[in-house]
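Asks: Read off the chains here:
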Amino acid sequence: MRLDWEIAKRGWRRYAAYPWATAAGVFTNTVFGFIQAYILLAVFHHRRHVGDYDAADSVTYVWLAQALIMTVYAFGWQELALRIRDGSIATDLARPLDPQRYWLAFDLGRAPYHFIFRGVLPFVVGALVFRLNYPSPGDAAAFVASVSLAVVVSLGFRFLYNSSAFWLIDIRGVMIVALSLSLFFSGMVMPLTFFPSWLADIAHVLPFASIMQVPIDVWLGKHHGLGLLGVLALQLWWALVLLGLGRLALSRGTRKLVIQGG
Amino acid sequence: MVEPVLVWRRLVGAQIRSQFQYRVSFVLDMLGNFLISFIDFLAVLVLFHNTTRLGVWSVREVAFLYAMSSISFALTDLLVGHFDQFPQKIRDGTFDILLVRPRSTLFQVIGSDFQMRRLGKAIQGALVLGYVISSLAIPWDVGRVAMLVVMVPSAIVIFASVWTVGSCLAFWTTDGGEFTNAFTYGGNFLAQYPIDIFSTWLRRFLAYIVPLAFVCYFPALYILDKPDPLGLPRLLQFSSPLVALLGVGVGGLAWRFAVRHYRSAGG
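One line per chain: the protein sequences are V and G, in this order. Count along the first sequence from 1, add 26, and you get the number used in the working numbering. Count along the second sequence from 1, add 486, and you get the number used in the working numbering.
It should be emphasised that the hints constitute simulated quantities derived from the structure, not laboratory data. Mixed in with the good hints there might be a few duds.
[As the list claims (entries may be wrong)] Below, in silico cross-link-like pairs of lysine to aspartate or glutamate (DMTMM-like), each with a Cα-Cα straight-line distance of 25 Å or less:
1) V:Lys-35 with V:Asp-118
2) V:Lys-35 with G:Asp-570
3) G:Lys-575 with G:Asp-599
4) V:Lys-282 with V:Glu-105
5) V:Lys-282 with V:Asp-165
6) G:Lys-575 with V:Asp-118
7) V:Lys-248 with V:Asp-165
8) G:Lys-712 with G:Asp-599
9) G:Lys-575 with V:Asp-227
Bound-form chain V, shown alone:
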């Protein structure tokens, strides 16, 4: 446990070392937040509700999504794949610590940094300009739990597609497919509430909704009582399934791993 804590601290520090990168990211997220907020608001010129979202829900959604992009690391991650490709994974495997546990601890240290420094500021800017919806204290607590689970689901998924590097030399193709699926079906490019019902049904049986749509719906108070416990349990289920698959891929991959050169 102490070891995990130390690794997590390194995850935090890695990103805290580049304050300008953080500032640049905040700027970019804010620009995107404005553009997308006005696009969604244009839909509400013609109607009052889309599904169970009103205009304020939708704009809140946009700003939360921008705030969570980095926390759940929605864009490409290939650190593990690069370590497999260049053979550093051999060193990792020789350590008395399992690589999946290492990256999970590292990511759980990284995520709070991104949540605070990449997430809060764009959201505050959004809150100053638009009328947003805020959670009750209970929902706020559930939101924190849900975001934490979202980070684990996301890491589980990223670890899995990175493991394909055991079999492929170049995972760019796999990664871009994985990214396309997760960006679209997580609700990152458009809230799932806006999807036609058949497409929303597909999105809700996939794990990606647990990365973005679920935590935001928890903030918006769309789940109560048992329903709330249900979605958190669903996130936990996907976290376990993806981590399990990643573990399987790791053990299979390790068995066929050949390290070139020396």
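Fit chain G to the given chain V structure using the hints.
Replies: For chain G alone, coordinates are given in the frame of chain V:
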């Protein structure tokens, strides 16, 4: 005048040859680019599942903006690159190497990032454009065809100038490479939608000062024969080439100013 073109051709030719060495990887990459940009178009379709109009624009008209912006974005990305390797050069000091070579630094940065796979995005945009043009009743005449032909090069130059200015920030903020994303991806995102849906201040900043409205919006009003919902002078609809020229001037000046302030990281 001819000589830089020859140098550019050799630089780019070498990169294309190297990218064709791994053919399967290349094809997959291109498909990937196609797929991931297709998601933006799906977003437009999802949006119009919930409304018949965005402001005064129908789904096909927005798809026209989307297609033209995507094609221009992808071709800019292909021709001048993404400037995303460039902050790295500032950080580790390898920008010094560019300074001692007998070519302009901007030319070298632009010439060193030619990625054929970026055509995948352009193909996606072209398919959408093909569909839109065949399904929209556009009153084609000489002027409109000419506008369509002039529109893309103008848009490419406007995008390229905006990216150049944006990437100048890297000279001061060595690890702030992501600033450029606001101008590259952000610019494309904005240009894909009609600017009349944005609030006045955002429009002033991102559509007129950063002249993204001239990428698609104004020329599209003319081609689609739409009255401007903002009631702006009709002359603006023909100004994109002029704005592009202005962009080249501003971009060049900004780059020159930034390079003069470059302090090597040493090494």
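Asks: With reference to the structure, classify each hint as holding or not holding.
Replies: Going through the hints against the structure:
At roughly 19 Å between alpha-carbon atoms, Lys-35 of chain V and Asp-118 of chain V fall within 25 Å of each other, so this suggested pair holds. For the given pair, Lys-35 of chain V sits about 29 Å from Asp-570 of chain G by alpha-carbon distance, which is inconsistent with the 25 Å threshold. Restraint check: the Cα-Cα separation between Lys-575 of chain G and Asp-599 of chain G comes to about 13 Å, which is no more than 25 Å; the hinted pair holds. Restraint check: the Cα-Cα separation between Lys-282 of chain V and Glu-105 of chain V comes to about 20 Å, which is no more than 25 Å; the hinted pair holds.
In summary, the hint linking Lys-282 of chain V to Asp-165 of chain V is not supported, as the alpha carbons are separated by about 46 Å, beyond the 25 Å threshold. This hinted pair does not check out: Lys-575 of chain G and Asp-118 of chain V have alpha carbons roughly 30 Å apart, beyond 25 Å. Annotation: proposed proximity of Lys-248 of chain V to Asp-165 of chain V holds, straight-line Cα distance about 10 Å (limit 25 Å). Proposed proximity of Lys-712 of chain G and Asp-599 of chain G is contradicted: the alpha carbons are some 38 Å apart, above 25 Å.
In summary, the hint linking Lys-575 of chain G to Asp-227 of chain V is not supported, as the alpha carbons are separated by about 46 Å, beyond the 25 Å threshold.
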